[in-house]
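Chemist: So the chains spell out like this:
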Amino acid sequence: MTSDGTLELIRDFRAGRPRALARAITACESGNGARVVAELYALAGNATTVGITGPPGVGKSTLSAALVRKARTLGRRVGVISVDPSSPFSHGALLGDRIRLAEHFTDPDVFIRSMASRGHLGGLAGATADATLLMDAFGFQFIVVETVGAGQSEVEIAELAQTTIVALQPGSGDSVQLLKAGIVEIADIFVVNKGDHPMADQLRREIRSMLQISEHGAWVPELVTTQAVHGQGIDELWDAIERHAAYLVESGELEQRKRERFAYQVRSIAAGRIRALVDGRIDVGSAAGDPYDAASQALASLGIEE
Amino acid sequence: MARRLRIVVAKAGLDGHDRGAKVIARALRDAGMEVIYTGLFQTPEQIVQTAIQEDADGIGLSILSGAHMTLFPLVLEQLRAQGAEDVVFFGGGTIPPDDAAALKKMGVQEVFTPGAPLQEIVDFVERECGKRALLSS
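Chains D and H are the protein sequences, given in the same order. Under our numbering, the first residue of the first sequence carries the number 1, and numbering increases by one thereafter. Under our numbering, the first residue of the second sequence carries the number 1001, and numbering increases by one thereafter.
There's no promise every hint is true.
Unchecked claim - Reference excerpt, derived from the structure (chain H facing chain D, CB under 7 Å, subset only):
| hint | residue |
| --- | --- |
| 1 | 1017 |
| 2 | 1025 |
| 3 | 1027 |
| 4 | 1029 |
| 5 | 1034 |
| 6 | 1037 |
Keep in mind the hints are simulated off the structure, nothing from the lab. Computed from a predicted model, the values in this text were never measured in an experiment. Just so it is clear, CB atoms sit at the ideal spot from N, CA and C, and this is done for glycine as well.
Kindly produce the complete structure, drawing on both the sequences and the hints.
Modeler: Laid out in structure tokens, this is it:
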């Protein structure tokens, strides 16, 4: 982006033009966001950020839509970021999470952005943290970040969101699944969606018993049952989010999470740059040396290692 | 990091025939673009708001209901009202040649009808939306 273009973008952003927010996010996605973020960073820091993760088809988008509806009845301005996977082959993507949010498309106080993961692992896109920050700076008060349909280890959302909701669906595995490390460890709130399913009770029991035998801090993850498609359980979920938000403030954990989020952003920006540099220095032609050796050579040529 | 083309594929009005839209969405995806699919029964306002929030380079509107002479102009009107004429607007469906010519005169950049080769559509989108992406990056 030209320098003039960036100045104009920042001016439009400050004037509250949605197109400027949209373009600023694109700039970050394209690796040109450093200046925009630097100019707008000071405006951010007021939003509540809630992450929703869980396996594909569990109802993350439907839960998002229901939470957006609830937030709007309370008059909050809402941002939604929803991440879908990019193709590892064509690098294209089909982003379909908006479909569930159609009722909010023309509400000027709701801004929805679909992001393709672009090869980023961990359940988010490389620029999701930037997009969250920009929505915050734009004045959105409640931001929902929906991950890609997560497997067992896409846990990055917990580093970005203040409150992480892990949505699970009945009939998807036995109690041992809940004892495994990974995604079940990051939940501040568990949601059993599709609560009318015959196996919903069993899943609830398994989550409760898992919580009894697992270690957690002062916050004991809450368990809420929803039928998001009918809006059932959403008031209870909202209350749980508010309780968790209050806990974060009272315990001082909010400040700690903000510091962790900052570290996460620095780490991912720096790692992205190093990755790009290393990509240009991989010598696959040299018959000499094993992968460790070649990695050391690449880092040495960048001056990172001796 | 490259700037990827972002395209909204939309279905408007009372028209449940989405196979064509899905085939196009899939072809654009396979050509390396990021496709935002709106789902069925959208209003022109919803489609244009989606394109703005998603910073889309193009909107592809699929209509098989016969209402193309109503819905295409309404989307054009919305694009103008929102100052988003830079978004490439194209479409397709069961659209008679005379209507297609009229729509192009109004400002729809291309109209594809049944039998159009996918590669032709992909080439058009890459070329025209690529110009917009270049200007805005």
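Chemist: A separate judgement is required for each hint: does it hold in the structure or not?
Modeler: Tested hints:
1. 1017: Since the shortest Cβ distance to chain D is 16 Å, the answer is violated.
2. 1025: 6 Å, holds
3. 1027: Where the cut-off is 7 Å and the nearest Cβ of chain D is about 9 Å from residue 1027/H, the hint is violated.
4. 1029: Holds, about 4 Å.
5. 1034: Check passed: Cβ of residue 1034/H comes within 5 Å of chain D, closer than 7 Å.
6. 1037: 5 Å, holds
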